[in-house]
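Residue strings, one per chain:
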Amino acid sequence: MSILIDEKTRVVVLGITGGEGTFHAQRMIEYGTNIVAGMTPGKGGTKHLGVPVYNTVADAVAAEGADAAVVFVPPFAAADAIMEAADAGVKLVVCITEGIPTLDMLRVKTFLRARPVNLIGPNTPGIISPGKAKIGIMPGHIHKAGTIGIISRSGTLTYEAVQQVTREGYGQSTAIGIGGDPIVGMKYIELLGLFKDDPGTEAVILIGEIGGTAEDEAAAYIAAAFPKPVVGFIAGQTAPPGRRMGHAGAIIAGGKGTAQEKMDALKAAGVHVAVSPADIGATLRKALARRG
Amino acid sequence: MKIHEYQAKQILARYGVRIPRGDVADSPAAAREIAERLGSRVVVKAQIHAGGRGKGGGIKLAASPAEAEALAAGMIGMQLVTHQTGPEGKRVKRVLVEEALDIARELYLGLVIDRAREAVVVMASTEGGVEIEKVAAEKPALIFKEYVPAGTGLLAFQARKLAFKLGLEGEAFKQGVKFITSLYRAFEGTDASLAEINPLLVTKQGDVLALDAKMNFDDNALARRPDILALRDLDEESPLEVEAAKFNLNYIKLDGSVGCMVNGAGLAMATMDIIKYAGGMPANFLDVGGGVTEEAVTNAFKILVSDPDVKGALINIFGGIVRCDMIASGVVKAAKAMGTRIPVVIRLEGTNVDQGKAILRDSGLAFHAADGMKEAAEKIVALVK
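Those sequence lines, one after another, are chains A and B.
Residue numbering for the first sequence follows the working numbering, starting at 1 and increasing by one per position.
Residue numbering for the second sequence follows the working numbering, starting at 1001 and increasing by one per position.
Derived by calculation from the structure, the hints in this document are not laboratory data.
Keep in mind the model is a prediction, meaning the values are calculated, not measured.
Each residue gets a CB set at the ideal place from its N, CA and C atoms; glycine is no exception.
Okay, derived cross-link-like pairs now, DSS-like style, lysine-lysine, Cα gap no bigger than 30 Å in a straight line: (1) A:Lys286 with B:Lys1379; (2) A:Lys144 with A:Lys267; (3) B:Lys1276 with A:Lys256; (4) A:Lys144 with B:Lys1374; (5) A:Lys267 with B:Lys1276; (6) B:Lys1002 with A:Lys256; (7) A:Lys256 with B:Lys1253; (8) A:Lys109 with B:Lys1161; (9) A:Lys286 with B:Lys1276; (10) A:Lys267 with B:Lys1134; (11) A:Lys109 with B:Lys1002; (12) A:Lys8 with A:Lys228; (13) B:Lys1145 with A:Lys187; (14) B:Lys1374 with A:Lys267; (15) B:Lys1139 with A:Lys256.
Chain A is faced by these chain B residues, among others (derived, beta-carbon under 8 Å): (16) Ala1116; (17) Val1120; (18) Gly1151; (19) Ser1193; (20) Arg1224; (21) Ile1252; (22) Leu1254; (23) Asn1263; (24) Gly1266; (25) Asp1273; (26) Lys1276; (27) Pro1282; (28) Gly1290; (29) Phe1318; (30) Ile1321.
Bound-form chain A, shown alone:
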């Protein structure tokens, strides 16, 4: 089992004719993702990578039954693209684009509130349900189908965790990057809620980092309502305050959002916290063994 996406998900690629869009759409198709349409304004009626291209997302939804969208358009146009996809009625929007201004994202979140759509990202590697579909830019070949859910704010650090999980003999049900920006779509709690109800997921790895309070909110949710084992890791234990560590959202502001605070909150919630990033896989093995 998996959450949010599987082999039946019908995906429209926004920005499919651009460089990034072309490169990654090709790889998603090779992975087996059901890419049913592309969208580039002004290129409607053409075909790209063997896929029909439409002028609007609404056209792609009407003609091809697309129910998910992935956004590869440049930063200053990306907020509009997310809102267009949401307005067209897709259930899931995955926004890969990095560098969207924060005030644009505040408008996006307000716009989405009134619509039944889930947003993943922006500034995310995307989402993958191994063996079924990937909507994103992660290397498919390092993933393996299995029973571990992964939620992360990072890209390559998620790949690191995936590899450790695989080396311990487990696979992934679904792995999701929620994005490295200060304002993102789905956060840990909503995804934990979906993993809770997914019989194919037996444990979850939660990878966080400095900045914001999403991990603290997740810890409170886990303590109150999440019955499956959770392994946690927080990146940025050595990060200085006040500096943005690559991700726009990874900044300790006003002394808040440190790795230590987040690790303490997760531990208090019963999460198995790996202090070293090399111990994520081993911590998972121990957590599952303890459960028996």
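Given chain A, work out where chain B should sit, using these hints.
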């Protein structure tokens, strides 16, 4: 991106936020002229990107133009040390010369993005002139907040609520409402990430002005705000960080001795963490990014080893979109060009890992290969000790 106080005040004035009369001077003579023009007692304020200037001797009152000139002569060229600059301080290039005002009350006004509420929050407090974090910790009931609806922007009633909470009356109330509304428009109109007026001044005459002003901007929006980007002062930034930014590299200098170069911000932070876990300290954060080129890798390596504090380097690459062989050739090129005065441990994983390892092995250079982050961190820490 950060800017100077005088630049923030110039922006705010364009949006109708009231600021004291004054101007910026880059010489003592210019400071004297401004003081003469103002025709009153003046305040001379050193312009650097750091707070705590008053305690460090960077803000002083002058009774005459001659005194303003003398104070400016003392400040311009000095290394001003505050609790935010580090022990080496920051060089003062300019001073802001402003009219001195009759202070009745010092308040606080600040705008930031509240990540949990996903909104711009306007914070006001009757406790001005002290750090807002201190007020939040000690007297949280004295901080008043209004969350701005992203669809409409700040509403008039929200500005009025805050002005009433601040205890403003009569002319000061009218000016306060206009001040808050204008400050929000400046924040939104410039893609700011922070706008802080501390203190917000109420004069004995009932005028409401920004005595100090701090603005930071969303780096992601700078490309569409060329007028803001033009205010960047590279002298305030670390030279290595400026150099790195030219190649779209995310580099931050830290205090340790183990340099690191990683693809991806999360993995880069985790690599710093594991260096510490292994008993060392990271010398920097360096994320070469997802779309990195061989040239960028070469430059990244050069920047890394040109830091004299670096006694050894750890390269940790998890190839996804980035290919390990491309990273390996970039590193080999840079190392051949620069010589390797320090030990370098390389951990490669993911796409084309075997080709990457072969390039390193055949380079004739003494790289140390490692399997996994743990082994890599332990090796480099042992080598720098």
